[in-house]
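There are 2 protein chains.
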Amino acid sequence: MTTDLHPLKHLLGDNRQLPPDDVARRATSYWNSAPMQARALMLPRSTQEVSAVLRWCHENGQSVVTHGGLTGCAAGAEATADDVVLSLEKMNRIVEIDPVGGAAVVEAGAVLQRVQEAVADEGLYFPLDLGARGSCTIGGNVATNAGGNHVIRYGMTRAQVLGLEAVLADGTVISDLSKMLKNNAGYDIKQLFIGSEGTLGVVTRVVLRLFPRPAARHTALVAATDFDAVAGFLSVLQQRLPGSLSAYEVMWGDYYRGVTGEGGHRPPLDRDYPYYAVLQTEGSEPVADAERLEIVLGEALEHDRIVDAVIPKSEAESAAIWDIRENFEQILEPQPVYLYDVSLPIRAMPDYVAAVQQNLTRRWPEGRLYVFGHMADGNLHLFVKPFESGDHRAASDELVYQPLAGVGGSVSAEHGIGVEKLRWLPHSRTPAEIALMRTLKRSLDPTNLLNPGRVLAE
Amino acid sequence: MTTDLHPLKHLLGDNRQLPPDDVARRATSYWNSAPMQARALMLPRSTQEVSAVLRWCHENGQSVVTHGGLTGCAAGAEATADDVVLSLEKMNRIVEIDPVGGAAVVEAGAVLQRVQEAVADEGLYFPLDLGARGSCTIGGNVATNAGGNHVIRYGMTRAQVLGLEAVLADGTVISDLSKMLKNNAGYDIKQLFIGSEGTLGVVTRVVLRLFPRPAARHTALVAATDFDAVAGFLSVLQQRLPGSLSAYEVMWGDYYRGVTGEGGHRPPLDRDYPYYAVLQTEGSEPVADAERLEIVLGEALEHDRIVDAVIPKSEAESAAIWDIRENFEQILEPQPVYLYDVSLPIRAMPDYVAAVQQNLTRRWPEGRLYVFGHMADGNLHLFVKPFESGDHRAASDELVYQPLAGVGGSVSAEHGIGVEKLRWLPHSRTPAEIALMRTLKRSLDPTNLLNPGRVLAE
Numbered sequence: 001m002t003t004d005l006h007p008l009k010h011l012l013g014d015n016r017q018l019p020p021d022d023v024a025r026r027a028t029s030y031w032n033s034a035p036m037q038a039r040a041l042m043l044p045r046s047t048q049e050v051s052a053v054l055r056w057c058h059e060n061g062q063s064v065v066t067h068g069g070l071t072g073c074a075a076g077a078e079a080t081a082d083d084v085v086l087s088l089e090k091m092n093r094i095v096e097i098d099p100v101g102g103a104a105v106v107e108a109g110a111v112l113q114r115v116q117e118a119v120a121d122e123g124l125y126f127p128l129d130l131g132a133r134g135s136c137t138i139g140g141n142v143a144t145n146a147g148g149n150h151v152i153r154y155g156m157t158r159a160q161v162l163g164l165e166a167v168l169a170d171g172t173v174i175s176d177l178s179k180m181l182k183n184n185a186g187y188d189i190k191q192l193f194i195g196s197e198g199t200l201g202v203v204t205r206v207v208l209r210l211f212p213r214p215a216a217r218h219t220a221l222v223a224a225t226d227f228d229a230v231a232g233f234l235s236v237l238q239q240r241l242p243g244s245l246s247a248y249e250v251m252w253g254d255y256y257r258g259v260t261g262e263g264g265h266r267p268p269l270d271r272d273y274p275y276y277a278v279l280q281t282e283g284s285e286p287v288a289d290a291e292r293l294e295i296v297l298g299e300a301l302e303h304d305r306i307v308d309a310v311i312p313k314s315e316a317e318s319a320a321i322w323d324i325r326e327n328f329e330q331i332l333e334p335q336p337v338y339l340y341d342v343s344l345p346i347r348a349m350p351d352y353v354a355a356v357q358q359n360l361t362r363r364w365p366e367g368r369l370y371v372f373g374h375m376a377d378g379n380l381h382l383f384v385k386p387f388e389s390g391d392h393r394a395a396s397d398e399l400v401y402q403p404l405a406g407v408g409g410s411v412s413a414e415h416g417i418g419v420e421k422l423r424w425l426p427h428s429r430t431p432a433e434i435a436l437m438r439t440l441k442r443s444l445d446p447t448n449l450l451n452p453g454r455v456l457a458e
Numbered sequence: 001m002t003t004d005l006h007p008l009k010h011l012l013g014d015n016r017q018l019p020p021d022d023v024a025r026r027a028t029s030y031w032n033s034a035p036m037q038a039r040a041l042m043l044p045r046s047t048q049e050v051s052a053v054l055r056w057c058h059e060n061g062q063s064v065v066t067h068g069g070l071t072g073c074a075a076g077a078e079a080t081a082d083d084v085v086l087s088l089e090k091m092n093r094i095v096e097i098d099p100v101g102g103a104a105v106v107e108a109g110a111v112l113q114r115v116q117e118a119v120a121d122e123g124l125y126f127p128l129d130l131g132a133r134g135s136c137t138i139g140g141n142v143a144t145n146a147g148g149n150h151v152i153r154y155g156m157t158r159a160q161v162l163g164l165e166a167v168l169a170d171g172t173v174i175s176d177l178s179k180m181l182k183n184n185a186g187y188d189i190k191q192l193f194i195g196s197e198g199t200l201g202v203v204t205r206v207v208l209r210l211f212p213r214p215a216a217r218h219t220a221l222v223a224a225t226d227f228d229a230v231a232g233f234l235s236v237l238q239q240r241l242p243g244s245l246s247a248y249e250v251m252w253g254d255y256y257r258g259v260t261g262e263g264g265h266r267p268p269l270d271r272d273y274p275y276y277a278v279l280q281t282e283g284s285e286p287v288a289d290a291e292r293l294e295i296v297l298g299e300a301l302e303h304d305r306i307v308d309a310v311i312p313k314s315e316a317e318s319a320a321i322w323d324i325r326e327n328f329e330q331i332l333e334p335q336p337v338y339l340y341d342v343s344l345p346i347r348a349m350p351d352y353v354a355a356v357q358q359n360l361t362r363r364w365p366e367g368r369l370y371v372f373g374h375m376a377d378g379n380l381h382l383f384v385k386p387f388e389s390g391d392h393r394a395a396s397d398e399l400v401y402q403p404l405a406g407v408g409g410s411v412s413a414e415h416g417i418g419v420e421k422l423r424w425l426p427h428s429r430t431p432a433e434i435a436l437m438r439t440l441k442r443s444l445d446p447t448n449l450l451n452p453g454r455v456l457a458e
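First to last, the sequence lines map onto chains G and A.
Numbering follows this note's numbering, in which position 345 of the first sequence is assigned residue number 345; successive positions increment by one, without gaps.
Numbering follows this note's numbering, in which position 26 of the second sequence is assigned residue number 26; successive positions increment by one, without gaps.
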């Protein structure tokens, strides 16, 4: 790629094209501290500027990698020295919050937590929530169809997008910023851009669905002695508290012990149980909701479904419980550590985890496996830690994905394919499905300039 | 179109290709009693047979119109004498109900009500529900992204599809029958087939998301004297009974009087109120849920949000209330009557309805307008009745859609474009959006043989 980037520089105002030296002062991503690479990093301030940059790149055969908060877990945003990076960080405005219509219009670069807080200030609730909330952007959430902690009640990002604006590879602006819950006027083309990891267009603005802010939110941490019990308790909660249960995050004992070990989180429950779950309810009656939850917990303890439970007595105690689930720095050293986000039927989980553990022990007798995740969504996260330096991703992938084939699982529940899972896509999709994906990619980005080599191998 | 259809006949077994004379014994649709037209009607029994028929039609340039239950409200399934009709009526099996995984696999020709009943027998709940439940098919529901009465809590059909199998125009089978709630492994291509009205592929099997069967369901009919009150009461219900409210169907006074007039339904509440609403809650505690609803209704009566209310004392009384909302034969005579399904912001509804009424009265001083719909979804249905014989659709469309432009509304909330709204699509979609729809259509059906002329004008 040798096209002169000088004309591109003049499309945006001063100082909004960073040269490679400045780009290298940035880290590649949250997960990769190596210097970021790119021919240039562009900082558009408007959809029109995004359109102008893409049109120029399209006309000049210049590949473009789009950047949001760089917290993605599939290396999809890692650019090369040949790419132009398009960072939406300056397009971070919350354009409108409409309390009556239950919708917010935000620019793609807006950080999730800022959006959560801004709508909360208006008495509303945007339920998408994940550990990276302080850095990840709405554009990245949409591009990856992010999941997170509240899928059990509110669905994934896809379910929370009422409208969006995106720019195609050739600079065409596709704008559907309507706030309607229902619109069957023609194909629902916004679905193309949700979860396609920036390969079919660059999302620039999004209309988010908002909900009334729940008057009451209750958290609990429970422990169970076997898998059937922790899965059975989920069924009980779904039967007894329907429309109220908003999170059920299971942690295998090794994970809990790993993050509450020396120098880690203080453990609110004993550290020797095989399973733990953080659960959350949302409702309209603070006192009655708390009583209902206590009754259900009491009965579950009585019937030995769970063997221990703690209900936090303050916001701080509640936050400390969530920290155990969300902040796992404790187990990230020594590197390398490999993170996975498989999905599979709930009933297949114990055998699957056992098979991975067996594979791991065979390959790395000293290796460790940490399992946790969104059980109700059939989504487990696994950290594989070989305790052996070097790049062991291929071997680690093999031992995690090989046992998945037999249970109809997916290699990505919520993180996407990026580049890390390219060779595993055929494990979860048929050749006909992948061929159709390629047809779509060719139709929308015929010269393969948007996030090339992501999702579909080149 | 003069290709000999004889070879096509041999692709399926005996008696599964009906000639034009037999086809003409069928009605065109629920809405149109004229004899059905087609070169032939094919009755495949399997996905492989659908694939074989489509491949042959693709190779021979033969247009195909797919039939489900023929209850669609946009004339999308009305074939011409040049089309081959592909009816999925013999592909109506419920292949599997998985209570543990919360999923059902059904063939596209399965009738909605049969699916509802079959999963109920297993203690589960498939929440999609609409007046045509006794005739409409799951394939049609998916192809049109049907809405219905429970969108407020469960979303449209799109939200209830975990996986699907579809056959492309050239016969390629795209199969994703996984039951996973979350799968971000590549593009979510099933979205292409949901709501595209059979123009991008023929849906043959669907994996439906199931829910636990609610232990309690409560209905009420309320009356209000002004629009702000009936809309305000919805907000109260959403705040007070979050996760429990499963329907809020508003009827304008003229509609209620129209269907409860002489020979119509028995009116459970006086007939002279300006607004009525049927509401439904679902929950886990039969007695406590009923009490909660009574308290909310009592307070609303006390604060004059609503002025009258009735809670049915039996299943039969509850069904009678729903009949008022769903069975409107009473107002379908004299023909013509034109049905609409616009969506728009709730707060814009009173001015919008007033503008339509004004347009109507100007055009047809004796004409009548009947308004009802899924208020919480921003979706109104309108019946326009000119009381003048002849074909007045164009004039009726004009007076309904013209006032919609100013409020950011859609010409179709849930019925789709079909052929009836072809010329109105540009009212709800930009030229760039429509161009992108055409790109998709060209990519997936390059010779324009699947439901040609539906959604996108030829």
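For the record, the hints were derived by calculation from the structure and aren't laboratory data.
Among the hints, a few may not be true.
To be verified - Cross-link-like lysine to aspartate or glutamate pairs, in silico, EDC-like; alpha carbons within 16 angstroms at most:
hint, chain 1, residue 1, chain 2, residue 2
1, G, Lys90, G, Asp14
2, G, Lys9, G, Asp22
3, A, Lys441, G, Glu315
4, G, Lys313, G, Glu299
5, A, Lys313, A, Glu291
6, G, Lys441, A, Asp188
To be verified - Quick look at which bits of chain G chain A covers, simulated, 3 or more residues with Cβ under 8 angstroms:
hint, region
7, 86–97
8, 164–177
In this text the structure is predicted, and so the values were computed from the model without any measurement.
Just so it is clear, CB atoms sit at the ideal spot from N, CA and C, and this is done for glycine as well.
Holds or violated: Lys9 (chain G) and Asp22 (chain G), Cα atoms, limit 16 angstroms. Roughly 15 angstroms separates the two Cα atoms, so the pair holds.
Is the hinted pair Lys90 (chain G) and Asp14 (chain G) satisfied, with a Cα-Cα distance of at most 16 angstroms? holds, 14 angstroms
Is Lys313 (chain G) close enough to Glu299 (chain G), meaning Cα to Cα at most 16 angstroms? Given that 16 angstroms is the threshold and the Cα spacing comes to 20 angstroms, the pair is violated.
Check the hint pairing Lys441 (chain A) with Glu315 (chain G) against an upper bound of 16 angstroms on the C-alpha distance. violated, 52 angstroms
Are Lys441 (chain G) and Asp188 (chain A) close enough, with their CA atoms no more than 16 angstroms apart? Holds, at about 13 angstroms.
Lys313 (chain A) paired with Glu291 (chain A) [C-alpha distance capped at 16 angstroms]: Roughly 14 angstroms between the alpha carbons, so the hint for Lys313 (chain A) and Glu291 (chain A) holds.
Can you confirm whether chain A covers the region 86–97 of chain G, using C-beta to C-beta distances below 8 angstroms and requiring at least three such residues? violated (count 0)
Go check the region 164–177 of chain G versus chain A for me, would you? Three or more residues, Cβ under 8 angstroms, otherwise it fails. That given contact holds, which follows from 6 residues of the region 164–177 of chain G lying within Cβ reach (below 8 angstroms) of chain A.
This entry does not satisfy hints 3, 4 and 7, going by the numbered hints stated previously.
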